[in-house]
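*Asks:* Sequence:
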Amino acid sequence: MASPIANNGPVGDYMVQQDLIYGFNRVDQHYCDALSDADKADFRLYSIGIKLDNNSEPQNSANQRGKKRLHWSQFVQVNLEDYQDIWDGRANPASTVPGLIKAGRKEPDPRLAQQNYELSAAIQKHYDSIPEANVAERRHFQNYAIGRTVVTDRANNDATLEAEIITNWAAQVAKDLTFYQTMGHNWHRRYMWETFPVPHTGPPDGHVCIAATPGDFPLPTANDLLKVRADRTAPGDGRHWRYEKTIYRNPHHHLEPPNNHLAYQRVVHLFASVDDYGQVQDRMAVKVQGEHNLENVRAFVRAEYDVQASLQACDNVLKTRGWSFRNRDSVPPCLGYLYLDWAPHGSLHDLIESAKSRKPE
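Heads up, the sequence shown is in this note's numbering, so the first residue is -3 and it goes up one at a time.
Simulated from the structure, these hints should not be mistaken for laboratory data. One or more of the hints may lead you astray.
Straight-line alpha carbon distances no greater than 27 Å define the calculated BS3-like cross-link-like pairs of lysine-lysine that follow [said to hold, decoys possible]:
1. K102 with K63
2. K36 with K241
3. K121 with K171
4. K98 with K64
I would like the entire structure built from these sequences, with the hints used as guidance.
*Replies:* Below, the structure is given as structure tokens:
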């Protein structure tokens, strides 16, 4: 469910009002980013619970107890700093934080409700009427329909809303189409990102994946993920590095000195930095290299970084962002991390121009 149109006021009203409950201002976002991963999730739910509680009114009738939620148009801004002492006292057995977290979990953002992203019967019928060969038009119509649904508090099977969607789509008003297509695309991505997240916890740290079958690429471990996020995330920037996929794992060979450092795993993972709406802000390749000790990491990973850094002026060489290491109890005992740009085709403009250059005259 979710607002343009007629008796619901301007599109922006509904979205802005919902952000008063489900969004963060810059200060709150900065505070949340500094918390542990476990506390981040609880703090978000707690903040929703606090805001919902402050946007409710007592019910005093004989048949109704508790509080009644205000209509979204009546939502007001809640300053979380005023409730810092409640959050800080969450370890107290008498704390109200668990109840507020439960309340926040019970009432998730209505804009991310599943029905917003499922085409109703009438909308699906119109979608099916578009020839299958017109892939782009089908996608644009789907995004448009989702965008119109997400920003209105009417259900997505509302007959009037369905008629407006189909009629306005047929009118092909460019400004209207672009706005709602963008809204639909962005919110659908956020919905998919939050509902079906890329595996983010990772397997335990103590695995080596030595003799894995060809094409069996290992996931980053839980501590790999923590390391990448700690190294590459600026506090309060509102972005999160998420693992996307693994693209390389070297074959394992039992080698004798002096080449035995080559026996350990070398893995290349791809990460994307996304904002709260699931939009990609940055991309990065991370090479993880196991070594016997820090001396080897410096000799090989640091040396590779130095070579890459000396070639930064070369357009065809991926830019290096830095290197790091960590020790661990399992084998291999020392891991080196090399951070590189992930942009195999350059910018989108570069890719388009490259495709044009390959076309026959």
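*Asks:* For every hint, state whether the structure bears it out.
*Replies:* Structure-based check of all given hints:
{"no.": "1", "hint": "K102 with K63", "result": "holds, 15 Å"}
{"no.": "2", "hint": "K36 with K241", "result": "holds, 24 Å"}
{"no.": "3", "hint": "K121 with K171", "result": "holds, 25 Å"}
{"no.": "4", "hint": "K98 with K64", "result": "holds, 17 Å"}
When held up to the earlier numbered hints, the structure conflicts with none and fits them all.
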